[in-house]
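Chemist: Protein chains in written order, with the working numbering: chain A, 179 to 424; chain B, 1409 to 1503.
Hints listed in this document are in silico derivations from the structure and should not be mistaken for laboratory results. Be aware that one or more of the hints could be misleading.
[Unchecked claim] In silico negatives: residues of chain A with every beta carbon more than 10 angstroms from chain B:
| id | residue |
| --- | --- |
| 1 | LEU209 |
| 2 | VAL213 |
| 3 | ALA214 |
| 4 | ASN237 |
| 5 | ARG248 |
| 6 | HIS286 |
| 7 | ALA296 |
| 8 | ARG329 |
| 9 | ALA343 |
| 10 | ASP398 |
| 11 | VAL410 |
[As the list claims (entries may be wrong)] As a list, the in silico DMTMM-like pairs of lysine to aspartate or glutamate whose alpha-carbon atoms are at most 20 angstroms apart:
| id | chain 1 | residue 1 | chain 2 | residue 2 |
| --- | --- | --- | --- | --- |
| 12 | A | LYS304 | B | GLU1414 |
| 13 | A | LYS301 | A | GLU241 |
| 14 | A | LYS205 | B | GLU1414 |
Glycine included, every Cβ here is placed at the ideal spot set by N, Cα and C.
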Amino acid sequence: MNAHEYALALGDDALIASQRLSEWVTKAPSLEEEVALANIALDLLGQARALLAYAGEPNGLDEDAMAYRRAPEEYRCAHLVERQIGDFAVTTARLLVFSAYQYELYTHLSASTDPLLAGVAGKAVKEVAYHRDHAAQWTLRLGDGTESSNRRMQNGLYVVWPDVAELFAPRRELAPLIDAGIAVDPAALTAQWTTFVMAILAQAGLDEPGVAPAPGGGRDGVHTPEFADLHVEMTSLHLAHPGASW
Amino acid sequence: MSEATEPLWEVFVRARRGLNHTHVGSLHAPDATMALRNARDLFTRRQEGVSVWVVPAAAITASSPEEKDSFFDPAADKVYRHPTFYQLPAEVDHL
Chain A
179 MNAHEYALAL GDDALIASQR LSEWVTKAPS LEEEVALANI ALDLLGQARA
229 LLAYAGEPNG LDEDAMAYRR APEEYRCAHL VERQIGDFAV TTARLLVFSA
279 YQYELYTHLS ASTDPLLAGV AGKAVKEVAY HRDHAAQWTL RLGDGTESSN
329 RRMQNGLYVV WPDVAELFAP RRELAPLIDA GIAVDPAALT AQWTTFVMAI
379 LAQAGLDEPG VAPAPGGGRD GVHTPEFADL HVEMTSLHLA HPGASW
Chain B
1409 MSEATEPLWE VFVRARRGLN HTHVGSLHAP DATMALRNAR DLFTRRQEGV
1459 SVWVVPAAAI TASSPEEKDS FFDPAADKVY RHPTFYQLPA EVDHL
């Protein structure tokens, strides 16, 4: 594995998370929240553009080709980001665990020996700090809100929790890149992530879901049925109008 | 989470250091912390500001349109309230 292949998984996480969050546009609980989620989605899309352009460089593929012209099994995103958005509590729970992961990842990656990865991470860490705060604010309000909002927020955590482990799963093929200071060891991020997320859950009156981790497989190109639907929709415009732009 | 239950907030943005906070609009939010974040997302997306205030709309006491005549018209014919009305001695021209 090289730095470009490493960037592929990071870029796919950002791309697919962005695509899913965009589904809230026209459907969010309030206009204010809709703009907030769209902003976050656009931040993630910006990260995806830089990372996917880098990933496609050795093969002469631009960011659009990387984002829209690959077969489903060529994507390397984690299952967490490809799931259906669910209700607002599920989206909030997913954004909390994902942005908290990205925050730790980019914080460490900004010291990468690969200048492009370090640059993207250095810029993105400020963005995901805000995403993480946004999700944390809603987790606190829903968890510490009414009986109904607490129940739904707790359910949101149950829905997303099995997919969290895949983010931190050790990957043997990363070892040379970690040794070279290019990549971040995902397993090494667990402690700080846990500290942050557990503090929010405790403050919100929510419990850590006692559910077993799902098998994962996204990093190897094995995806959920939900991803297949997402992929069809996401790539349809590019298939119908190759090279479309505005 | 319907907007009906979320109070209205007025948003003030300072564009640059040294300038005043200027009213830019209003939004709904459940509390002050979320109002500030919503304001950031709605009104400073294009680098419009370096500082944001949010104020509960209910905390603002506004003059009413019916009072417009008695409030503002009496100032119309009082030119002596403008400094330019006064002739200054030549010695203080560059005051």
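Chemist: So, for every hint listed, does it hold in this structure?
Modeler: Right, here's what the structure says about each hint:
1. A Cβ of chain B approaches the Cβ of A/LEU209 within 10 angstroms, the least distance being about 8 angstroms, so the stated non-interface status is violated.
2. Listed as outside the interface, A/VAL213 is inconsistent with that label: its C-beta sits roughly 5 angstroms from the nearest C-beta of chain B, within the 10 angstroms cut-off.
3. Under the 10 angstroms C-beta cut-off, the non-interface status given to A/ALA214 relative to chain B is violated; the minimum distance is some 4 angstroms.
4. With a cut of 10 angstroms on Cβ distances, A/ASN237 stays outside the contact zone with chain B, its closest approach being about 35 angstroms.
5. The beta carbon of A/ARG248 sits about 31 angstroms from the closest Cβ of chain B, which is more than 10 angstroms, so the claim that it is off the interface holds.
6. Non-interface status of A/HIS286 relative to chain B is upheld: no Cβ of that chain comes within 10 angstroms, the nearest being about 26 angstroms off.
7. At roughly 24 angstroms from the closest C-beta of chain B, the C-beta of A/ALA296 stays outside 10 angstroms, upholding its exclusion from the interface.
8. For A/ARG329, the requirement that its beta carbon stay farther than 10 angstroms from each beta carbon of chain B is met, with the minimum near 15 angstroms.
9. For A/ALA343, the condition that its CB be more than 10 angstroms from all CB atoms of chain B holds, with the nearest at approximately 30 angstroms.
10. Distance check for A/ASP398 against chain B: the nearest CB is about 36 angstroms away, which clears 10 angstroms, and the non-interface claim stands.
11. With a least beta-carbon separation of about 31 angstroms from chain B, A/VAL410 lies farther than 10 angstroms from that chain, consistent with its non-interface assignment.
12. Restraint check for A/LYS304 and B/GLU1414: not satisfied, since their Cα atoms lie roughly 29 angstroms apart, outside the 20 angstroms limit.
13. Note on A/LYS301 and A/GLU241: the hinted pairing holds, with a Cα-Cα distance of about 19 angstroms set against a maximum of 20 angstroms.
14. The hinted pair formed by A/LYS205 and B/GLU1414 meets the criterion: a straight-line CA distance of about 18 angstroms does not exceed 20 angstroms.
The structure fails to meet hints 1, 2, 3, 12 from the earlier list, while all remaining hints are met.
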